[in-house]
Amino acid sequence: MLDEALIEQLNRGYVCPPDAGPAWRAACDYGFDMSLVEDALTQTPEQRLEEHQRALDRALMLNPNINSDAAE
Amino acid sequence: MPQSDKALLTRLNEHGVEFVIIGGVCGVLHGVPLVTFDLDVCCPFSPGNLRRIEAAVKDLHPYHRLTPGKLPLEFSDNLVARLKNLYLQTDLGKLDCLSEVKGIGDYHDVFNSSELHNTSHGKFHMLSLDALIAAKEAVGRARDLTAVKLLRAIKERKEGS
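Protein chains in written order, with the working numbering: chain A, 263 to 334; chain B, 42 to 202.
It should be emphasised that the hints constitute simulated quantities derived from the structure, not laboratory data.
Being a predicted model, the structure only gives us computed values, none of them experimental.
Accuracy of the hints is not assured; some may be wrong.
Stated by the list, open to error - Pairs of lysine to aspartate or glutamate, EDC-like flavour, derived with a Cα cap of 20 Å:
hint : chain 1 : residue 1 : chain 2 : residue 2
1    : B       : K164      : B       : E59
2    : B       : K47       : A       : E308
3    : B       : K164      : A       : E300
4    : B       : K199      : B       : D171
5    : B       : K190      : A       : D281
Input sequences plus hints: build the corresponding full structure.
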């Protein structure tokens, strides 16, 4: 059943959990998509490095000049 | 120019380089979802360790990427004795080697503030979460302070779980 509450939930995106601590809430309020952090925290450091490599490759494919020293 | 942090780390390990992962990649390893375009490590700038770094990258056309003439990486005894940092471009990407980390100290201090991680491609020391926060706060650039917001959230979540 697609009631209004579910549609609202689907459209809303990440919602900071009510029991989030002050640092988590501050990061949410800053505008970070903390679902990305939640996903990362379910991974091992090695998996995070591989995910980062994929993101890096995507970024470099979209904008090869982003890796110049001037862009750092 | 590609950037393969895993391949660079594997090479450093295979050549017996002493190093600790710092900077953005260290943040990634802790769970920060921000893309970074170089690999920063802290290492002792002893002649032996510098020679091992040289051996690890020598077939990757390394050069000092921040020098105007893109000076190739060639160590003389005089240079080895005076270097404090190396900012290299290689065929596998950027590799920055620092002898000190602001907010932490020299390699000895950094090593003592690190933790060991086992991966399928070797064992690596990386700055602990607390040390990385201290380092980024000490540098204080906007992008470092942005990462600190995420690092503090991760620390809070880990301590709460």
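Consistency of the hints with the structure:
1. Taking the CA atoms of B/K164 and B/E59, the gap is about 11 Å. The hint holds against a cut of 20 Å.
2. Of the pairs offered as hints, the one joining B/K47 and A/E308 holds, with about 9 Å between alpha carbons and a cut-off of 20 Å not exceeded.
3. A C-alpha spacing of about 25 Å is found between B/K164 and A/E300, which places the hinted pair above 20 Å, so the restraint is violated.
4. Straight-line distance between C-alpha atoms of B/K199 and B/D171 comes to about 12 Å, which keeps the hinted pair within the 20 Å bound.
5. Taken as a hint, the B/K190 and A/D281 pair is honoured in the structure, with Cα atoms around 18 Å apart against an allowance of 20 Å.
Hint 3 from the list above is the single one not met by this structure.
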